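> With the hints as extra help, turn the sequences into a complete structure.
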Amino acid sequence: MKHLRSLIALTALAALPVVASAQCRSFVKNKCAASMLPYKFNETFNAAQLAPGEEAEVDLTFFSGQEYRLMICAHPILGEVNWKLLDGTGQTLFESMANDPKPNFDFKVATTQQLKVHIDVPQAAKGGNEMINVGCVGILVGFME
Amino acid sequence: MRTRGWTFGLLASLILAACGGDPPTQDTLKTDGLADSTQDARVRKTKNIFHNIPSPMETAGLLKKAGAEYDKDILNDVKNVDNYTSASKQALNLGIYGADLSYASVFNNTQESMLYTACAQNLAKRLDVAGAFGQETVDRMEANRNDRDSLLNIISETYWDVDAYLKENGRDNVSALMIAGGWVEGLYIATMVCKQHDTPELRQRIAEQRIPLGELIELMGTYSTDDPAVAGVKGDLDALATLFASVAAPTASNVTQENGTAVIGGGAPPATVNDEQLKALSEKTMSVRNGYIN
Chain A
15 MKHLRSLIAL TALAALPVVA SAQCRSFVKN KCAASMLPYK FNETFNAAQL
65 APGEEAEVDL TFFSGQEYRL MICAHPILGE VNWKLLDGTG QTLFESMAND
115 PKPNFDFKVA TTQQLKVHID VPQAAKGGNE MINVGCVGIL VGFME
Chain B
959 MRTRGWTFGL LASLILAACG GDPPTQDTLK TDGLADSTQD ARVRKTKNIF
1009 HNIPSPMETA GLLKKAGAEY DKDILNDVKN VDNYTSASKQ ALNLGIYGAD
1059 LSYASVFNNT QESMLYTACA QNLAKRLDVA GAFGQETVDR MEANRNDRDS
1109 LLNIISETYW DVDAYLKENG RDNVSALMIA GGWVEGLYIA TMVCKQHDTP
1159 ELRQRIAEQR IPLGELIELM GTYSTDDPAV AGVKGDLDAL ATLFASVAAP
1209 TASNVTQENG TAVIGGGAPP ATVNDEQLKA LSEKTMSVRN GYIN
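From first to last, the protein sequence lines are chains A and B.
The first sequence begins at 15 in our numbering and counts up by one.
The second sequence begins at 959 in our numbering and counts up by one.
Just so you know, these hints were derived from the structure itself, not from any lab.
Please note that the accuracy of each hint is not assured.
[Stated by the list, open to error] List of simulated lysine-lysine pairs, DSSO-like, C-alpha gap at most 30 Å: (1) K130/A x K1023/B; (2) K43/A x K1153/B; (3) K130/A x K98/A.
Note that the structure is a prediction, hence the values are computed from the model and not measured.
In structure tokens form, the structure reads like this:
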């Protein structure tokens, strides 16, 4: 029975990355996708499990004349995730926590260009235990057809 | 008895987690056991893994707004689907048929949409991603075939699911090939429709593809050393990038407000391609695309 326990524990550990990733897909689909309506969302899956203190970046191409919705959808376990939209020179065009926290940004671009999204997951509160909470962060880009 | 309870508890937790319960349970990982160099590398990779290429559907929509007309004769022949026996060709052509499906659907050609859906589903099955693009999806599309908006939403959702399924199963290279195939087909369609209906707007949309091409090359660059199929595709994209190098890519990033909506940029002239650049890009794109579909 001891061997069985070890075997099951090993199987569980091996399955964790796949299970976590599948949860991320499920989380984005069930908790975030509906907020993109009426925009059609981009078909690229951009989501990952992030830990407190981690950062993520993605470069996105936006076409002139198009209306876009950009949304960063983070699991509440990560706290208030701050994200910024930056231009090619690093100038901040939008910051989610700058005034009232906003999960999404609706905008148009007059000139087709590449912009960068930078995501900061806040550090975990000090004095906690030795465990870290990992949560899903999804980046969704929608366009008006 | 205590052991049995612990075992069932663990198994039940795994099954519930895998089924994607609502809301999903997040993992709690112990830092000590995972803080090795492999884990560090994985985390670093996770932080930089996001490469976003505009979707074939957005490209098709841009072409439509730019005045393009629908031409079914330029699309990949549905009869070719059985010719793709290697996984790399299947992945590339899943992207190509996906782009054709988006093009046909955006231009509201339902009959062809269903044909391209069948081709894409065939390849998805052979690539073992039927879990994300199975008969159920085809049935949903069939049921919504006369509702263009619903059809477009189902197509977007399906390709998002396929991409997610591939990535969550560690098959990112297959996803990259699918994305590359879709992008090449989008550029091919744009250059072909521009031949028939040459407008400044279409030339602008072709010229602007320089930007996502750079991102696509970066994505391919993350696999090229250990995957010959991806390395070959990266070579094709590098060749296209050489032709795009002389195309100006204007940037402008001031933020203004227009009827309550933020507007980024403005003032810069739109990108364009001259006759010589357009000819060279059209020929190279056709050559690359023919290499994928034949």
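> Hint by hint, note whether the structure agrees.
Each hint tested on the structure:
1. A hinted pair counts as satisfied when its Cα atoms are at most 30 Å apart, and K130/A with K1023/B qualifies at roughly 26 Å.
2. For a cut-off of 30 Å, the pair hint linking K43/A to K1153/B is broken: about 40 Å separates their Cα positions.
3. Between K130/A and K98/A the CA atoms are separated by roughly 8 Å; this keeps the pair inside 30 Å, and the hint holds.
Figure legend: structure checked against the earlier numbered hints; the only hint not met is number 2.
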